[in-house]
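Here the protein sequences come in this chain order: A and B. All residue numbers for the first sequence refer to this note's numbering, where the first residue is 1 and numbers rise by one. All residue numbers for the second sequence refer to this note's numbering, where the first residue is 1001 and numbers rise by one.
The hints are simulated quantities; they were obtained by calculation from the structure and are not laboratory data. One should not assume that every hint holds.
Across the chosen pairs, the derived CB separations fall in these ranges [stated by the list, open to error]: (1) B/Ala1384 / A/Ala88: 52 to 62 Å; (2) A/Asp41 / B/Ala1311: 21 to 31 Å; (3) B/Ala1055 / A/Ala159: 22 to 32 Å; (4) B/Arg1027 / A/Ala38: 41 to 51 Å; (5) A/Ala247 / B/Asp1025: 47 to 57 Å; (6) B/Arg1048 / A/Val16: 32 to 42 Å; (7) A/Ala168 / B/Glu1412: 51 to 61 Å.
Counterexamples of contact, computed for chain A against chain B with all Cβ distances above 12 Å [what the hints assert, rightly or not]: (8) Glu13; (9) Pro55; (10) Ala118; (11) Asp129; (12) Ala254.
Every residue, glycine too, gets a C-beta built ideally from N, C-alpha and C.
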Amino acid sequence: MTGAERIEASLREGAVARGLALAAFLTAGHPARDAFSAQLDAVAAEVDLVEVGVPFSDPMADGVTIQRASRSALEAGVTLRWILDVLAAHPRAAPLALMSYLNPLLAFGLPRLAEEAAAAGVSGFIVPDLPYEECGPLRDALDAAGLALVQLVTPQTPAARLALLCGASRGFVYAVTATGTTGGATTFSDGVLRYLDRVRAASHLPVLAGFGVRTAGQLREVRGHADGAVVGSALVEVLERHDDPAAFLRGLRAAALVGGGAA
Amino acid sequence: MVERAGVLTDRESPLAGVILGAPPDARGRFGPFGGRYVPETLVAALERLEAGARAALADPAFRAALETELHTWAGRPTPLTVAHRLGAAWGATVLLKREDLAHTGAHKINNAVGQALLARRLHARRVVAETGAGQHGVATAAACARLGLPCTVYMGAVDVERQAPNVERMARFGAEVLRVKSGDQTLRAAIDEALRDWVADPDGTYYLIGSVVGPHPYPWLVREFQSVIGREARAQVLADGGRLPDALVACVGGGSNAIGLFHAFLGDAEVELLGIEAGGSGPEPGRHAATLAHGTPGVLHGSHSLLLQDADGQVRETHSISAGLDYPGVGPEHALLHATGRARYATASDDEALDAAAECCELEGILPALESAHALAGARRWAAAHRGGTVLIGLSGRGDKDLATYAAADRERR
Ligand SMILES: Cc1ncc(COP(=O)(O)O)c(C=O)c1O
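With the rest of the complex left out, here is chain A (with noise of 0.2 Å):
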């Protein structure tokens, strides 16, 4: 299996098995670097996809716990490099995509990246600010080494945007649920859940909806509207809280999905 295909089959899965995939963001690194690998583990055994936050000094799709997060691991020495090297120490319960600024990518290399991050076990990237017209060169790598190159698709994309953006997506479809940065607590209207809705309906991918959700009541919501969800900054939130994010995962899943139990 290619690191697409196991990114789209482990979400079918978890929304076949649950209602709704789980998936989970957190900033590699923060709060603690030696910490990094143990709360990698226990949130991978807890939800269909993890999403490692590459930091970067210049976050601008990100709101205030990302930021933060960034920042900090930053400051802690964590780099794209260290990064690879403690995915590859061992594997995960669920399948791993990198999300990334452009510009850290771009400094390691693109053609070097695909290979050392197959190597370490990634399977995709979330790339925030590359738009589908300036992808070529980093999806053309990536798709060589059979790693998937998520699109993201918003409330503003007109729909003949939609199709084209859910055509080229590997691994599944982000769907942008807020407009703005991450992080921002939200319930979701009528439009938005159409709006989910309409994403579903251009997609042969699984589709995730990401960007503000923070509740088991938004999980619910979202359920029927789309195959999965992404909690990302609640969940870096709980980490710094030094929560245990297992018991927060599972606490979540069991308030909003079928079969609240096993992964």
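Given the coordinates of chain A, assemble chain B with the ligand onto it according to the supplied hints.
Here is chain B with the ligand on its own, set in the frame of chain A:
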């Protein structure tokens, strides 16, 4: 010292001719630089902006409204001053394009008026802007006041301190000034915040960027509004002396006043184009903001250009005594002019800028902005190497905002 002509005659450059093709191309590329690296949320907004801007610039009624604002409100055309005493001191003919005399005191007003008119035409509910030295913030606040548009300006906390008079001016024009405490608390962090604001409301908000940076169409759009500087200067110098200058010199932060001055002269192969970046307190990383001198290719704030970054692609902190030049990126068109050799770039240090500002005050009775003082310092060096030559300097702004910095530097250096 300087090889003339660059792209226009250099067949060996792979980029030769790119400039003559009038970049950017349809994807917003200036050769390999530029583009549109933004969250998907902004793509549709940028496409609308591009279409709206193209229609506006092709519309005689819009152009006439812009002309009227520039002539009757913003004080254009600005004069071209012969700097007799500076010229005598330097052994050259020195001409100053006086953007300091434009309304609100800098070239920034040219772009602010143009984009504010565009924002109104596109039915924006509000305008957001970033500012470093505060000149773009003041210009935007003024233009928005005149057009009745609500305006929010993001400004790094460090810059709020060092450019306090401009904060006061923005407030008087009714703008909301938000202090940015994230990141490096200067211009770069202010752009990050302005982009976040825009991402939250891409349909109702107009992002009025202040330099030739950012995603396509901004580097093109801002150039179109700033190139009035060079068009006027070229006509003025030809009318006065009948001959083009040997060199143009302008300071480069993001690069808007420099592109604005250079653009009308790009086809004049005999005119040397010299951009001056902030050399700060030294060439070591973190002590300057000289992107073209020390940068490597990368993506920041929506555009592929040169960038001050570390080996992991993290953007470096910068230093300059001048808030307006204290930025780790540079406009993609400058990256192209640099790569092709059509323009040359050098640096001036904090100290050289302070000396040049003092000299301009004493000999010409003109108090330049700290940013513009870098251009003066670069021009003085050019003149030393080209005795008897004619140099035209972009005096991008006035220095009232910098009086506290000038006074503090005097005390320190005495
Ligand atoms: C007077 C003046 N000159 C120059 C600049 C630098 O900007 P740019 O390089 O876009 O002209 C600024 C920016 O704030 C400024 O206020």
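Query - Index of numbered hints that the structure contradicts, given in increasing order - result: 9 and 11
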